[in-house]
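Put chain B on the given structure of chain A with help from the hints.
Spelled out from the first residue to the last, the chains are:
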Amino acid sequence: MTIRLGVPSKGRLMEKTFEWFAVRGITLQRTGSDREYAGAVGGIEGVSLMLLSAGEIPRELAAGRIHLGVTGTDLIEEKLALWDQLVVPVEELQFGHADLIVAVPAAWRDVDTLDDLDAAAAAFRAKHGFRLRIATKYHRLVREFLRGAGVADYALVDSQGATEGTVKNETAEAIADITSSGETLRANHLKILSDGLILKSQATLWRSRTAEMNDTERTTLSALLSKLS
Amino acid sequence: MPNRSETLAKAATLRAVFEAQGAVVVEPPILQPAETLLDLYGEDIRARAYVTSDALRGEQMLRPDYTVPVVQMHMAHGAEPARYTYAGEVFRRQERDLARANEFIQVGYEVFDRTDPAAADAEVFALISQALSGLGVKPVTGDIGILMAAVEGLETTQKRKDALMRHIWRPRRFRALLDRFSGKTAVPASRAALLAGDLHNDAPMIGLRSAQEIDDRIEALRADAAAPAISGEQVSLIAALLETREVMPNALSRLYDLAVDLPAISGAVDRVAARSDALAARGIDTATLVFDAGYGRVSMEYYDGFVFGFRADTRPDLPAVASGGRYDALTRRLGQGGEIPAVGGVMRPGLMLELEGMQ
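Going line by line, the protein sequences match chains A and B. Note that the first sequence covers residues 10 to 238 in our numbering. Note that the second sequence covers residues 975 to 1333 in our numbering.
Next up, chain A with everything else stripped away, as it sits in the complex (with noise of 0.2 Å):
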């Protein structure tokens, strides 16, 4: 049998990590058409290569169905409850930097903190008669956030993609999401709370603390493991 590596199986975060292991003398390839998701791994034996989304990673490496597998934090921290006792970080490989963090509408010139937030909560709920709307797909992490920083009157609404939009679009009137640099989100005229950061993230590669191995597996995982570090 073999060690099991998940890596991302799309786009710029595939590329990255492909190219993290190849400095440190491990090929990672996509073999047969580009529509399959199979792969090949050069420079160890017993090491074979899951290529899968992003997503899934969290819940393959929990599952101890990969021994390995690249990731963002941000996946792991949302989709894992007690995520330290199922993985273990290996090594943070200095590419996909984003922020989990919770932005308003820049024109709130009275809203710049959390404690501003709650109070134009509650205001915003007295005046329409429902929460105010934070749309988010990060929905664990930021209910977690704003309760510890004690928000109240506020209502996640889920949001799988072009977040940034939905404030404009009037579904939702605040919303927490990844960004790296800023640029959409003040395209799309939002700004960040001054203590709105909820996470930082980046591709990280994590061990499973599930997975089973045998002997030969064992002696294989280390000798990956140091050629990696």
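Errors might be hidden in some of the hints.
Using C-beta positions, here's what the derived DEER-type ranges look like [claimed, not checked]:
{"#": "1", "chain 1": "B", "residue 1": "Asp1071", "chain 2": "A", "residue 2": "Ser62", "range": "25 to 31 Å"}
{"#": "2", "chain 1": "A", "residue 1": "Lys209", "chain 2": "B", "residue 2": "His1051", "range": "51 to 57 Å"}
{"#": "3", "chain 1": "A", "residue 1": "Gly73", "chain 2": "B", "residue 2": "Arg1289", "range": "54 to 60 Å"}
{"#": "4", "chain 1": "A", "residue 1": "Leu234", "chain 2": "B", "residue 2": "Glu1217", "range": "50 to 56 Å"}
{"#": "5", "chain 1": "A", "residue 1": "Ser235", "chain 2": "B", "residue 2": "Asp1176", "range": "54 to 60 Å"}
{"#": "6", "chain 1": "B", "residue 1": "Ala1163", "chain 2": "A", "residue 2": "Gln38", "range": "50 to 56 Å"}
{"#": "7", "chain 1": "A", "residue 1": "Gly52", "chain 2": "B", "residue 2": "Glu1069", "range": "38 to 44 Å"}
{"#": "8", "chain 1": "A", "residue 1": "Thr219", "chain 2": "B", "residue 2": "Glu1217", "range": "44 to 50 Å"}
Negatives, chain A to chain B, calculated, CB over 12 Å [said to hold, decoys possible]:
{"#": "9", "residue": "Ala31"}
{"#": "10", "residue": "Gly34"}
{"#": "11", "residue": "Gly52"}
{"#": "12", "residue": "Arg68"}
{"#": "13", "residue": "Leu91"}
{"#": "14", "residue": "Leu102"}
{"#": "15", "residue": "Asn223"}
{"#": "16", "residue": "Arg227"}
Taking lysine to any residue and the SDA-like style, the derived pairs with C-alpha atoms no more than 20 Å apart in a straight line are [to be verified]:
{"#": "17", "chain 1": "B", "residue 1": "Lys1158", "chain 2": "A", "residue 2": "Thr122"}
{"#": "18", "chain 1": "A", "residue 1": "Lys136", "chain 2": "B", "residue 2": "Glu1187"}
{"#": "19", "chain 1": "B", "residue 1": "Lys1133", "chain 2": "A", "residue 2": "Gly159"}
{"#": "20", "chain 1": "B", "residue 1": "Lys1135", "chain 2": "A", "residue 2": "Lys177"}
{"#": "21", "chain 1": "A", "residue 1": "Lys177", "chain 2": "B", "residue 2": "Ser1184"}
{"#": "22", "chain 1": "A", "residue 1": "Lys88", "chain 2": "B", "residue 2": "Gln1068"}
In short, the hints are calculated from the structure, not lab data. Glycine included, every Cβ here is placed at the ideal spot set by N, Cα and C.
What follows is chain B alone, placed relative to chain A:
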């Protein structure tokens, strides 16, 4: 660990105790409309209750407790006075601790009675205390009404009192607001700049929150900045109040001392004294009963007067075996114009059996 049928049998005997008091048995549905609970507790309830949905009725929650449906039922068509009892599952979503049950049996007793709130408080507490005797559990009591009265009595603006009252169940946020209103924490630079009129921006207005609402809030912030700070003396009185944790007779004398400087709490303290007498009349040893003025301040609760809980000293890992309190304001919120003083409590027969097994 007791199995499910043992727990159900225990629940039935406990419920029979309340039935013998004349309580009507109620069985609200397991699926509750999510909207009522979301309205009451906000987004935080999603971390505590299981949410499900269908295309016709929208979001539903597996009942996280019985009190809300029982209050709704009573306010819709209950006769007065009324006593209700129930036994059945409640469901609690768990995201941090696998050891905590996500489904367990609760037995409860709820009293809707205007005549003598102190006697009703004592009735609920004494019945539960009797049912728990021999299990080695210890009660703590408190009264959220005292803190609410203290806030209402502060020498400050109504807006500040409202803000504190809104966060009365969130101790950390409450403290932060009090520090802000008393001038203990500095005004954030962004707020100072805003009030000085230094913050201009030409960002376009987007979203439902209007320019008028922004101006209104800035106006309110200006008024707040002009209002005098809450005095340090009043802040220390609130702190002293919250630190009160003593056996009932000592707690009462300390509360009466505090009431000299905080006359607004006198009525609430009188109610604690009346309850103490009513408890004694029911055979509770108030000389050893602990009163903790800070007890019961946890989010997602609805108690606004008497609160109590029973825990096992020998098993600090277990949650409270029984808990309850007074929730007059909840009847007002769910009452569509009506209201009635109400008090209730719940027990966990599964935990009781576990403790019996240890005796």
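Hints and how they fare:
1. B:Asp1071 - A:Ser62: 25 to 31 Å: 30 Å Cβ-Cβ, so the 25 to 31 Å window holds.
2. A:Lys209 - B:His1051: 51 to 57 Å: 54 Å, holds
3. A:Gly73 - B:Arg1289: 54 to 60 Å: 33 Å, violated
4. A:Leu234 - B:Glu1217: 50 to 56 Å: The hinted range 50 to 56 Å holds for Leu234 (chain A) and Glu1217 (chain B), with Cβ atoms some 52 Å apart.
5. A:Ser235 - B:Asp1176: 54 to 60 Å: 56 Å, holds
6. B:Ala1163 - A:Gln38: 50 to 56 Å: Taking Cβ atoms as reference, Ala1163 (chain B) and Gln38 (chain A) lie about 52 Å apart, which means the hint holds.
7. A:Gly52 - B:Glu1069: 38 to 44 Å: 40 Å, holds
8. A:Thr219 - B:Glu1217: 44 to 50 Å: 46 Å, holds
9. Ala31: 39 Å, holds
10. Gly34: Given a closest Cβ separation of 40 Å, the condition holds.
11. Gly52: 39 Å, holds
12. Arg68: 16 Å, holds
13. Leu91: The claim breaks: Leu91 (chain A) does not keep its Cβ more than 12 Å from every Cβ of chain B (closest is about 7 Å).
14. Leu102: 28 Å, holds
15. Asn223: With a cut-off of 12 Å, Asn223 (chain A) remains clear of chain B, as the shortest Cβ separation is near 28 Å.
16. Arg227: 27 Å, holds
17. B:Lys1158 - A:Thr122: 18 Å, holds
18. A:Lys136 - B:Glu1187: 9 Å, holds
19. B:Lys1133 - A:Gly159: 18 Å, holds
20. B:Lys1135 - A:Lys177: Violated, at roughly 34 Å.
21. A:Lys177 - B:Ser1184: 12 Å, holds
22. A:Lys88 - B:Gln1068: Holds: Lys88 (chain A) and Gln1068 (chain B) sit about 14 Å apart, inside 20 Å.
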